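2 protein chains.
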Amino acid sequence: MADREGCRGLGGPRPGGRSARVQASVHRAARALLARMDRAEVTIPLIAQEAGVTPSTIYRRWGELNELLADVAVERLRPDMVPVETGSGRGDLLAWAEQYAEEMSSGLGREMIRDVLAAEGADGPRRCCGYARQQIDLIAGRAEARGEAFPDIDKVLDRVIAPILFRILFDEALATEQVAGLVDCAFAAVERRAA
Amino acid sequence: MADREGCRGLGGPRPGGRSARVQASVHRAARALLARMDRAEVTIPLIAQEAGVTPSTIYRRWGELNELLADVAVERLRPDMVPVETGSGRGDLLAWAEQYAEEMSSGLGREMIRDVLAAEGADGPRRCCGYARQQIDLIAGRAEARGEAFPDIDKVLDRVIAPILFRILFDEALATEQVAGLVDCAFAAVERRAA
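Line by line, the protein sequences give chains A and B. Everything in the first sequence is counted per UniProt numbering, starting at 1 for the first residue and increasing by one. Everything in the second sequence is counted per UniProt numbering, starting at 1 for the first residue and increasing by one.
These are computed hints drawn from the structure, not numbers from a lab. Treat the numbers as computed from the prediction; the structure is a model and nothing was measured. Beta carbons: idealized from backbone N, C-alpha and C, even for Gly. Certain hints may be false.
[Unchecked claim] Taking beta-carbon pairs under 8 Å as the criterion, some of the chain A residues facing chain B (in silico):
hint, residue
1, 125
2, 129
3, 131
4, 162
5, 165
6, 170
7, 173
8, 177
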């Protein structure tokens, strides 16, 4: 599990608590080391030194390096902005999905996906999927408020997010222009329903 | 790379050659160890002992354990049968995709996907995608020979394979019954084109 002390829900530890401060400092240290050295050279003792905590603090909370790096990657994947408003649900989804595809297929994005998937039994992949769900849900809510039809979130996951990640992991990343075709496909069900 | 000696195309080393015999024996040893001990306990020296080769033979050819296990997983994912014939392209695709979804979401399937993705810079993911492509291509060829419309292979990858793997990796594996909806979606483009 990403957190052995069991004190965190989706939102992280109680803000401002000791546990939250330790986590923030360890995450910061890990990000700093990842930025300045090769991933294969990063170790728990190095992260501990950089963060000013003992290695055992890290072992106790994260268990092993893979778990910690997965946790750091998941935090980086947590959305830090509300999807851009373009005036329509389809436009919002397209803008958001294009940005998502670009970020995920970048070097840093690929490294984060890799780290998230590398931690066995951790909840990182599910949390990442949850973040995408939240953003799509927000776009869907705005569309609904404007009286527009919008596809089910699971359809958007299967038809837009899944191919973006599948191509990055198993084939060649899609070009940004190809994302529009995926969004069309997600909306096709809605349109047939409405017709 | 999966093979440092550079002697293999998609089809593996020259059958019957020394290199092919070493590879077969190392793969067999790795599979045997994976079957009887925990994955975290498997090491290159143990595999070498089981295979009756020196550890340096393995290091020279595969570089490191992750690469070897990825190679073993890719070999296991190589299709060993022709897709079942049901009388229609849609039926063939559905039968094949249901089996694919079942195999990949099993414990062994998940472990193989994990191993394939864990080897940095290796061509394993692409080879796996290539195997799926080959099978779908075969089904498409049979459909075409019968004069049926069949979706582009890339559409099938995006609309059928991608959601199956995405759900396994990031969410909850789809139930077998849900695969039919994905196949319908892949055929939707064809039907609109034909209408």
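A quick look at each hint next to the structure:
| no. | hint | result |
| --- | --- | --- |
| 1 | 125 | holds (4 Å) |
| 2 | 129 | holds (4 Å) |
| 3 | 131 | violated (11 Å) |
| 4 | 162 | holds (4 Å) |
| 5 | 165 | holds (6 Å) |
| 6 | 170 | holds (4 Å) |
| 7 | 173 | violated (12 Å) |
| 8 | 177 | violated (14 Å) |
Of the numbered hints given earlier, the model fails hints 3, 7 and 8; all others are met.
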